[in-house]
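We have chain A already, so just place chains B, C and D on it with the hints.
Protein chains in written order, with this note's numbering: chain A, 1 to 436; chain B, 1 to 436; chain C, 1 to 436; chain D, 1 to 436.
In short, the hints are calculated from the structure, not lab data. Mixed in with the good hints there might be a few duds.
Since the list gives no way to pick one copy over another, a pair counts as held whenever it fits inside one copy or between any two copies.
Derived BS3-like pairs: lysine-lysine, alpha-carbon spacing no greater than 30 Å straight-line [what the hints assert, rightly or not]: (1) Lys19 <-> Lys36; (2) Lys410 <-> Lys203; (3) Lys136 <-> Lys92; (4) Lys203 <-> Lys291; (5) Lys291 <-> Lys221; (6) Lys19 <-> Lys32; (7) Lys384 <-> Lys32; (8) Lys368 <-> Lys19; (9) Lys80 <-> Lys410; (10) Lys203 <-> Lys397; (11) Lys221 <-> Lys410; (12) Lys384 <-> Lys203.
These figures come from a predicted structure and were not determined experimentally.
Residues per chain, in single letters:
4 protein chains.
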Amino acid sequence: MNEFFPGVPRISYEGPSTKNSFAFRHYQPGEKVEGKTMHEHLRFAAAYWHVMRNPLSDPFGPGTALMPWDDGSNSVANAKQRVRVFFEFLEKTGIDFYCFHDRDVAPEMDSLAESNRALDEVVHVLAAEQERAGKKLLWGTACLFSHPRYAQGAATSPSLPVFAHAAAQVKKAIEVTHRLGGGGYVFWGGREGYSTLWNTDMKRELDHLAAFLHMAVAWKKEIGFTGRFFIEPKPREPSTHQYDSDAAACLNFLREYGLLDEFALNIETNHATLAGHTMRHELTVAANAGKLGSIDANRGDELIGWDTDQFPTNLYVAVDVMLVVLGMGGLQPGGLNFDAKRRRESHTPEDLFHAHIGGMDTFARALKIAAALRADGRIADFVKARYATWDAELGQKVERGRATLADLEKLALSQPAPNLPSGGQEYLENIVNDFL
Amino acid sequence: MNEFFPGVPRISYEGPSTKNSFAFRHYQPGEKVEGKTMHEHLRFAAAYWHVMRNPLSDPFGPGTALMPWDDGSNSVANAKQRVRVFFEFLEKTGIDFYCFHDRDVAPEMDSLAESNRALDEVVHVLAAEQERAGKKLLWGTACLFSHPRYAQGAATSPSLPVFAHAAAQVKKAIEVTHRLGGGGYVFWGGREGYSTLWNTDMKRELDHLAAFLHMAVAWKKEIGFTGRFFIEPKPREPSTHQYDSDAAACLNFLREYGLLDEFALNIETNHATLAGHTMRHELTVAANAGKLGSIDANRGDELIGWDTDQFPTNLYVAVDVMLVVLGMGGLQPGGLNFDAKRRRESHTPEDLFHAHIGGMDTFARALKIAAALRADGRIADFVKARYATWDAELGQKVERGRATLADLEKLALSQPAPNLPSGGQEYLENIVNDFL
Amino acid sequence: MNEFFPGVPRISYEGPSTKNSFAFRHYQPGEKVEGKTMHEHLRFAAAYWHVMRNPLSDPFGPGTALMPWDDGSNSVANAKQRVRVFFEFLEKTGIDFYCFHDRDVAPEMDSLAESNRALDEVVHVLAAEQERAGKKLLWGTACLFSHPRYAQGAATSPSLPVFAHAAAQVKKAIEVTHRLGGGGYVFWGGREGYSTLWNTDMKRELDHLAAFLHMAVAWKKEIGFTGRFFIEPKPREPSTHQYDSDAAACLNFLREYGLLDEFALNIETNHATLAGHTMRHELTVAANAGKLGSIDANRGDELIGWDTDQFPTNLYVAVDVMLVVLGMGGLQPGGLNFDAKRRRESHTPEDLFHAHIGGMDTFARALKIAAALRADGRIADFVKARYATWDAELGQKVERGRATLADLEKLALSQPAPNLPSGGQEYLENIVNDFL
Amino acid sequence: MNEFFPGVPRISYEGPSTKNSFAFRHYQPGEKVEGKTMHEHLRFAAAYWHVMRNPLSDPFGPGTALMPWDDGSNSVANAKQRVRVFFEFLEKTGIDFYCFHDRDVAPEMDSLAESNRALDEVVHVLAAEQERAGKKLLWGTACLFSHPRYAQGAATSPSLPVFAHAAAQVKKAIEVTHRLGGGGYVFWGGREGYSTLWNTDMKRELDHLAAFLHMAVAWKKEIGFTGRFFIEPKPREPSTHQYDSDAAACLNFLREYGLLDEFALNIETNHATLAGHTMRHELTVAANAGKLGSIDANRGDELIGWDTDQFPTNLYVAVDVMLVVLGMGGLQPGGLNFDAKRRRESHTPEDLFHAHIGGMDTFARALKIAAALRADGRIADFVKARYATWDAELGQKVERGRATLADLEKLALSQPAPNLPSGGQEYLENIVNDFL
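The shape of chain A in the complex, shown without the other chains (with noise of 0.2 Å):
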């Protein structure tokens, strides 16, 4: 347990006077709230991309991020070695679960044949490792943004061999992702959607996004694979737009192509920002329609106009989000997947620790003050008060679809001027802070 991270303990609750940076202040696993274990409600995942992966370069310079048990190739052995550091990590931090993409944790080969030989080397460690630690996958998905041959696209690609490859690629994720046994699988279209609509034929590109995915559910059925098909909604970056722009655009989307059964959303915080939403509205949007599938949990910065993928520490957002999935029974097979990486200057191996404890620690609170709004019922039950008036005879009858414009004008031409509460928002807002 100590091989690569020598000088950081297993993560254990101290309470929150503690001055340990190692340790959790909120976050106990066992704890109960709303009848159900802290550990059952957050389902939180590991981004393997983030952990073992991501270098910390930026546009203007490349990573800084130490990682002493790389050797910097290319190979097989060493994608292996770094099962072995992430699980050594997974248990240090008590994080159950964790979320791949294919190229993340096998190489890119020459071939594709030769790429999937690796990966299938890397995922019979993987899943040794899964079975040692007891440890699960929440979902996998395929790379189809890095590499150059999809700088155009890789399912809204002009090229069909290029649609070919990410559809051979997409099939081989899944197969592996079903062999871990993976809670879902994430499509993000991460290069789907234009530079500029003057080289671009969207409504061809979408027609081939829609065959794609529709391959890919026949593809689940014909293997037996039962993990949910989850869409990722990102409006741009690094295209000038993207397809999956908003969770409006992907459910849109879905209807239109006879897909939405078959598919949920994974909302992401810095993505909902990023298109103009809050966290709230977006796993609101989704919900609503009985998407919501899983959530990518980090922070944006609103002034910044990229994907910062903070580590998510602010409480309000962390609320929004819990009170949320608290209202729509959980999130089971979903989870609470930490998209999210250090800072470039926060190159070291500690930095990953602190920055997983924060994003637990803020969960578990969020998950507490969400419970204890939705017990105290202030908030709950003034919105309720707020429509009091369709839960009377017209109001039902409209709600039913029964009533007629000419059934509302006689109650207009004949009734009081309306008289509207006061919104309360200051007044809600103040509740809120209460149990922060």
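Coordinates of chains B, C and D only, in the frame set by chain A:
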């Protein structure tokens, strides 16, 4: 003709070299482009609210607009006077369509019944002036966002009495639009959204909005109105979030609630950019769904976060618009409505003319440029060639939904590394500039 | 005390567990923090314009605010009545400072002379109420942005007559601020900017603004007013650009025109974020220049592109503010002015109280958190250690301006590769959350 | 001449009607505009980093650029080979200036001493090629943002050893710029800022930055380098905040630290818009201060929150630029440097040519349009007339600092209500379009 704008002549075409600010440089109604006249292509409309009722106030100060014809009262007589002014404006500019909200043309009175009567009186004058001057109503709508009763929404109000008032207003507005031979009717959800999710039941509000629209469709059929219903997307402002935030959000809503067949979209430039999209993107999304109904032609300032509703003078954006319009074979029964206002500093009646002349000339020029780009063909050919690999057998199989991931994997395992030609964005942008 | 807000008691401290919405949970004026009372630290002020004169209109609709004490007239009698209402508000909330614009407290009449007389009359009542209730004027100012004469600027108007009117208004407003014992006087350049550079001589306008401020300084000295002059940065809105766009732009202007000694800055949270900066950044820039004078305490919505002026309830931002304030030893003669308005839906008088209570509790709590972070010392120690290499000889030589590039090159050629400790952002953010 | 770009001819002028993508439509170096040749006005420069070293990577994927002349090694021989390729590019495009960072032209080696030797070797080739081909260095600079040592800043690093390394690099880069006859030297603070204020002593960092620049000035004088020093504003990216965030922030800093006399600004379009300003605003701010030194000619996408660095093809923006440049009498010793990159999809060498041709033609055209607008005079006359009230006695008294508030109050009390002519924005915008 010189009663209200005595210093302004009827605007006529004088060609590009004129220095007369009260003349067209490019707009010749009868000039043919792609076999139709400019007049048929462009279908310009003036917005009653901006031309007649916009005082040019802003959040930091009241109006500045000089309106010597307006006695400042809320009387029906004053309202009728404004109609005559407006038609002089239409005649002098040569704009043959117009759009209005119920409360623009006629005053809100103490009761709904009285307001309806006032509206009827003014509509009588509008009908007479339409007839006299040979002008047409592009679309009508109801103002469901200004009166304090709508502060918390209209069709999504938490209050059923408010919802009923909105329903009655829409019923009446559809009727008068029908009476005036309107080509369409617009639903703009100015208050349909929320200020905070803490007090909002989004699902229930959207259910109510859908019920409202279904009733409107039923009423339209009942009275035999054959104009088109339009939804107008806008992301926020005045609210924190509005449900009809962009084209995709509107389409998703229409699909979810079984309303897609009955509605098209009215796309506005400034709303597009506030939603983080280019105008061309929103137009293309709408057109691809067969749902581009009409256009609010204005321009925003991308560095400013609210609706500046400036007049459309940017040739690049206007060319984008006209390319989509030509590509779909024309906008009819929709048109190009100048939903645009002068700056608060441009407070003279003459500024109204300069503003509209500038918009009309810009679109006339853009129409010719778009037609020239299409005639040139280099861009369209480039795009077609870019997707050429899809035109052979396997591509067609995929497009027809007959392929499997295994089929594509087979190709991917055997093919050489895909070769991507340049996306050519810089090459294409140079061609566009050739035509400007 | 119960004349105008009969249902609202004098707000008192009841501690964190109360459910009374008309009570403080955290604000105890006499509680000591770092050796001073909360009252001395926080210096809360109410904004006359928001409490008394904001109708809660927005660009899409008129006001909704219920003001049963206001007869809706522009009379001096009505203005005097409002003063009494306002002081009941101050007494019930326990806010001891206030701020106003000349045209908030007294009406604009047909001539400047009459407006001045009306102002004098109302100032007489303000003085009496200050005396009676033991309240103080934090700062005064003149409204140079609302009247149509200022549509093209006040101190930067292209029109000398408008500039003269503004000058006269400022002269008078400084005089009455002096008479009321105001601690300061604010210049907010609401219209000092441009809508388009096509019609603007920026250089000449800035020269005029500087002349204007120099004359104001001379007048201040002439009448013996010893309060502080403040400039308030804001990036845009209502204009396309305002000259005082952020703290750096203001400081640059003050330096260029020899005004730096006579002015400090009044920093507002929502203006900071509209300029693309965090509040902490703007405060730090001002404080580093010795020019942080006063604070407009509100909050914006970073996803929205205009001034939402919400009440400050975000603890993270309030802690940032209080850390800067404690770090500079207090704000006196400035204070924390609630330049914030209720949402348009929060139209009852009670909402005014909820809103201010929430803001006051948030800052009381933030004060204690900031003091605790300072007492803990881990963050300050981390920062100090981060720059430790500068504390030795060569670093000191550089800081004193005695080193040369050649000195440093000598070191660089001989030293080993520099070793950077982690920037520790995630570690530090976790510590912050420990104190929330 | 056909060694490295065999398919590309020397680009020559063929006029607006050509369909040859390897020709100029508007740029004729010898064509006279306002008495000087286009070549003298435009002073185009190519950016070594984008033409030769930009792999076209982005945060989601590695480079795509085809560079058949590059062996991919970090060797000095490869670096020299690139110089020859670059000069062929300059010769074929007819661009006569270039700009570089030290680490673009020569590799970073294991020690500073070796890096300096490598740089010397390559500079020798640069000098020879300049001589041979008749090309000039517009400006040089040092790359202080890419290497991990600079992750926490260079001149504002918390680490003195890092600061020393940066100082040594700048010393050397100024020397080689001097040796190559560079017209200027640019300081771009790519890492001079912060990721979080929690770990940052902003005041101390800015003191260090000022000390750094003072030493650079001293060195410049010591070695007799007479080129101009430029600061390049940019608001954020890669950091959360950069100190040189916009023109005003730079000027404020230069004034505060007594550096104003020694520096001018290098303004970039995309940096302007990222700071929330138009390019014309930033240029005007710089020019008004007598500090517009040089221009990085590119274009951003206002809907995207990072530096897209696209080629400048927007005529409106280019006209804005040329109006300011003509208004100040030319840029010399600065120029128009194409700090712009092809899209990641435009990966062929030919795209480099299309991109630069488009930028050159756009600016050639903009130069002629700007000159025509100036010759026409209507806009300048309108602006002059707008301020006419200032040209009489009292206005002149104010402008000379001889008036008092009392003088102006006297006028204000006696004058009639000021009469504002229209600001005429729409009228002026129509005139601009006449010349496009």
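Okay, the hints, checked on the actual structure:
| no. | hint | in the structure |
| --- | --- | --- |
| 1 | Lys19 <-> Lys36 | both (28 Å within a copy, 28 Å between copies) |
| 2 | Lys410 <-> Lys203 | between (46 Å within a copy, 27 Å between copies) |
| 3 | Lys136 <-> Lys92 | within (15 Å within a copy, 58 Å between copies) |
| 4 | Lys203 <-> Lys291 | both (25 Å within a copy, 13 Å between copies) |
| 5 | Lys291 <-> Lys221 | within (20 Å within a copy, 34 Å between copies) |
| 6 | Lys19 <-> Lys32 | both (25 Å within a copy, 26 Å between copies) |
| 7 | Lys384 <-> Lys32 | within (28 Å within a copy, 41 Å between copies) |
| 8 | Lys368 <-> Lys19 | both (21 Å within a copy, 19 Å between copies) |
| 9 | Lys80 <-> Lys410 | between (74 Å within a copy, 28 Å between copies) |
| 10 | Lys203 <-> Lys397 | between (40 Å within a copy, 17 Å between copies) |
| 11 | Lys221 <-> Lys410 | between (54 Å within a copy, 19 Å between copies) |
| 12 | Lys384 <-> Lys203 | between (43 Å within a copy, 13 Å between copies) |
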